[in-house]
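Peer 1: Okay, here's what each chain looks like letter by letter:
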Amino acid sequence: MTSELLYSPLFGITLTLSGYFLAQQLYRRSRLILLNPVAVTIVALILLLLLCDIPYEAYAQGGRVIHFLLGPSVVALAVPLYRRRKEVMQRWRPIFFGVLAGAFSSIFSACGLGWFFGGSREVVLSLAPKSVTTPIALGIAEKIGGIIPLTTAIVVFTGCVGAMCGVEFCRLLGVRSSVATGLALGTASHGIGTARMLEVDRLGGAVAGLAIGLNGLLSALLLPFLVLLFG
Amino acid sequence: MKGEILRGLVILLVLQLFGEWLSESLQIAVPGNVIGMGLLLLALLLGWLRLAWVEDAAELLLTHFSLFFIPAGVGVMVHTEVIARQWQPILLATVLSTFVVLGVTAKVGQWLEGDEEGVPDDL
Chain A
34 MTSELLYSPL
44 FGITLTLSGY
54 FLAQQLYRRS
64 RLILLNPVAV
74 TIVALILLLL
84 LCDIPYEAYA
94 QGGRVIHFLL
104 GPSVVALAVP
114 LYRRRKEVMQ
124 RWRPIFFGVL
134 AGAFSSIFSA
144 CGLGWFFGGS
154 REVVLSLAPK
164 SVTTPIALGI
174 AEKIGGIIPL
184 TTAIVVFTGC
194 VGAMCGVEFC
204 RLLGVRSSVA
214 TGLALGTASH
224 GIGTARMLEV
234 DRLGGAVAGL
244 AIGLNGLLSA
254 LLLPFLVLLF
264 G
Chain B
2 MKGEILRGLV
12 ILLVLQLFGE
22 WLSESLQIAV
32 PGNVIGMGLL
42 LLALLLGWLR
52 LAWVEDAAEL
62 LLTHFSLFFI
72 PAGVGVMVHT
82 EVIARQWQPI
92 LLATVLSTFV
102 VLGVTAKVGQ
112 WLEGDEEGVP
122 DDL
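Chains A and B supply the protein sequences, listed in that same order.
Read left to right, the first sequence gives residues 34 to 264 (this note's numbering).
Read left to right, the second sequence gives residues 2 to 124 (this note's numbering).
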């Protein structure tokens, strides 16, 4: 392939969509939750680019186009929320306090464990917004002094862990309500967890979408303050 | 209803742009797309926008929500050095903390839900 073609958006877009399509087929046929399509596609694309010696910048031309769609999709999360407004309003207490507890536990467990296992200050600060949705997490990391690319990696990894194990883990804990499960998936593993929740249950998915926004908002307000306090 | 997809995309993009502008000019840590989500919810609740205008476009985007995270994940390949240097604390803290947050949020949610009237719906 000529480098002109490699560096056209067509290449990265085609690669991402084909990879995702194949990963989804694999996921549907195997029925293995560990083969989460997002995680599988990311690993497969990285390996492919490394093995074929294709520079990341070539892929990124098209990657950026797909990444751009994350923005309007976050705005679109208002739609499932609006549709389920009655159920959500009825349960505002478990939703608000569940996410608040989740936001605090995320910040303290991520930083505490990172520090305990010997992470440097930059690594601990990069771990702090790990459960927050990518666009907000990057804003927070920048503000508190984390390493931005590292935060991206951690946030995506967190999302994959939640999507792979979240629903099953909640069931294991004896949580059967779709609201509480959606709350946990959205708070712990943002959009990737929400996408998984949407497959399981619509109301749970709407609650997960709300939890993304609420956790992002609470973490953006809490974290800079907590870093000042414990810094 | 397919004709409404264009109208819906315009609404989503305009609200995101407005949100980004607010986030930038007010110097707040909340990103523009989250502000845009709040604005869309408000506009729907106040009846300024009709659900039918945005639902097709929203459905289209949200059906493939997880696809849009892939490029950010692939971007990790450029920063393997940072990760290689401290992969143990990163891996352990990320995985364990994700389970902590899942457990705490689900349990607190379930506990407070039980206080309210009505039977929680089963999965």
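No lab work stands behind these hints: they were computed from the structure.
There could be a bad hint or two in this list.
Stated by the list, open to error - If you want the footprint, here are the derived chain B segments under chain A, 3+ residues with CB under 8 Å:
id, segment
1, 9–22
2, 47–54
3, 59–69
4, 100–110
Claimed, not checked - Restraint-style ranges between C-beta atoms, simulated for each label pair:
id, chain 1, residue 1, chain 2, residue 2, range
5, A, R209, B, V79, 39 to 47 Å
6, B, M78, A, F54, 16 to 24 Å
7, A, Q94, B, W22, 37 to 45 Å
8, A, E201, B, L7, 12 to 20 Å
9, B, R86, A, K176, 18 to 26 Å
10, A, F263, B, L7, 32 to 40 Å
Note that the Cβ used here is the ideal one computed from N, Cα and C, for glycine as well.
Peer 1: A separate judgement is required for each hint: does it hold in the structure or not?
Peer 2: Do the hints match the structure? See the list:
no. : hint                         : verdict
1   : 9–22                         : holds (count 6)
2   : 47–54                        : violated (count 1)
3   : 59–69                        : holds (count 8)
4   : 100–110                      : holds (count 11)
5   : A:R209 <-> B:V79: 39 to 47 Å : 42 Å, holds
6   : B:M78 <-> A:F54: 16 to 24 Å  : 21 Å, holds
7   : A:Q94 <-> B:W22: 37 to 45 Å  : 27 Å, violated
8   : A:E201 <-> B:L7: 12 to 20 Å  : 40 Å, violated
9   : B:R86 <-> A:K176: 18 to 26 Å : 23 Å, holds
10  : A:F263 <-> B:L7: 32 to 40 Å  : 49 Å, violated
Checked against the numbered hints given earlier, this structure breaks hints 2, 7, 8, 10; the rest are met.
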